[in-house]
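Start from chain X and add chain V according to the hints.
Taken in sequence, the protein lines are chains X and V.
The first sequence maps to residues 1 to 112 in our numbering.
The second sequence maps to residues 1 to 112 in our numbering.
Incorrect hints may appear among the rest.
[Unchecked claim] Cut-off 27 Å, straight-line C-alpha distance, at most; resulting in silico cross-link-like pairs (DSSO-like, lysine-lysine):
#1 57/X - 45/V
#2 11/X - 45/V
#3 2/V - 57/X
#4 79/V - 57/X
#5 42/V - 11/X
It is worth saying that the hints were derived from the structure and are not from the lab.
The primary structure of each chain is shown beneath.
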Amino acid sequence: DAGITQSPRYKITETGRQVTLMCHQTWSHSYMFWYRQDLGHGLRLIYYSAAADITDKGEVPDGYVVSRSKTENFPLTLESATRSQTSVYFCASKAGLNTEAFFGQGTRLTVV
Amino acid sequence: RKEVEQDPGPFNVPEGATVAFNCTYSNSASQSFFWYRQDCRKEPKLLMSVYSSGNEDGRFTAQLNRASQYISLLIRDSKLSDSATYLCVVNLPSGSARQLTFGSGTQLTVLP
Numbered sequence: 001d002a003g004i005t006q007s008p009r010y011k012i013t014e015t016g017r018q019v020t021l022m023c024h025q026t027w028s029h030s031y032m033f034w035y036r037q038d039l040g041h042g043l044r045l046i047y048y049s050a051a052a053d054i055t056d057k058g059e060v061p062d063g064y065v066v067s068r069s070k071t072e073n074f075p076l077t078l079e080s081a082t083r084s085q086t087s088v089y090f091c092a093s094k095a096g097l098n099t100e101a102f103f104g105q106g107t108r109l110t111v112v
Numbered sequence: 001r002k003e004v005e006q007d008p009g010p011f012n013v014p015e016g017a018t019v020a021f022n023c024t025y026s027n028s029a030s031q032s033f034f035w036y037r038q039d040c041r042k043e044p045k046l047l048m049s050v051y052s053s054g055n056e057d058g059r060f061t062a063q064l065n066r067a068s069q070y071i072s073l074l075i076r077d078s079k080l081s082d083s084a085t086y087l088c089v090v091n092l093p094s095g096s097a098r099q100l101t102f103g104s105g106t107q108l109t110v111l112p
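In isolation and in its complexed conformation, chain X is listed as follows (with noise of 0.2 Å):
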C-alpha cells in the first residue's frame, strides 16, 4: 500500500542494546523525517533528511545514528540505548520545502 510506514510498531529492548527502527516511504519524497514525542512533550526533531545520502541532525541527535541509502528507506539506529531513550518515535516524509509532511504510525520504545 503506499504510504509511510514505521516498524517495529512496539519495542522492548535492554540497555545498552543497539536496536534500529525502520521507516519506509512509496511516494519518493524527498525529505524523511524522525521524531521522538515524550509524555507531557511536543515533538522533538532528531535527525532530518533532504534526499538520498544527505542528513543532517535536528534538535535531539545525540545517541541516534541515521542513514539514507535509498530515498524511500530512513532508519533509526540508538547504537546504544538508554532509558532517557524511551519514547514514541515517528518518522515523517514530505515532497518539497514547502510542503505538509505525513507521518508513520509511529514506534512505542521501551528501554529497561
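Relative to chain X, chain V alone:
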C-alpha cells in the same frame, strides 16, 4: 524563546461552541504553515494548510498574519470528535531542508 509557541490549554468547551487557537512563530523567513491534529499520541495528521489569504474547510478556518507572525485556527460548532491536541506547524528554513517545527500543542476537550 521557542520558535513556535502555542497556548497549551487545556480548552474545555461544550458541544456547539466556537473555539480559537493562536500560535506565534519567531522566524520571519518561515514560508509555510499548517495545523495538525493529534489524538492520544497517535501520529499527527494534517488538518489544514494556512494561506496568507486565509482559508476555510467546513467548520475550520485558518488565518495567517505575517506582520505579527501568528497563525490562528477557529473551530465552529464544536463536535465531541474534535477533542484532540492541535499542533501549529511552521516550515523553518534550515540547512539542507525546511524543517517542520512543531508547537507543543493545544489540548481541546469538547464536552457533551
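Against the structure, the hints:
no.	hint	in the structure
1	57/X - 45/V	holds, 24 Å
2	11/X - 45/V	holds, 23 Å
3	2/V - 57/X	holds, 18 Å
4	79/V - 57/X	violated, 40 Å
5	42/V - 11/X	holds, 16 Å
Of the hints listed earlier, the one the structure fails to meet is number 4.
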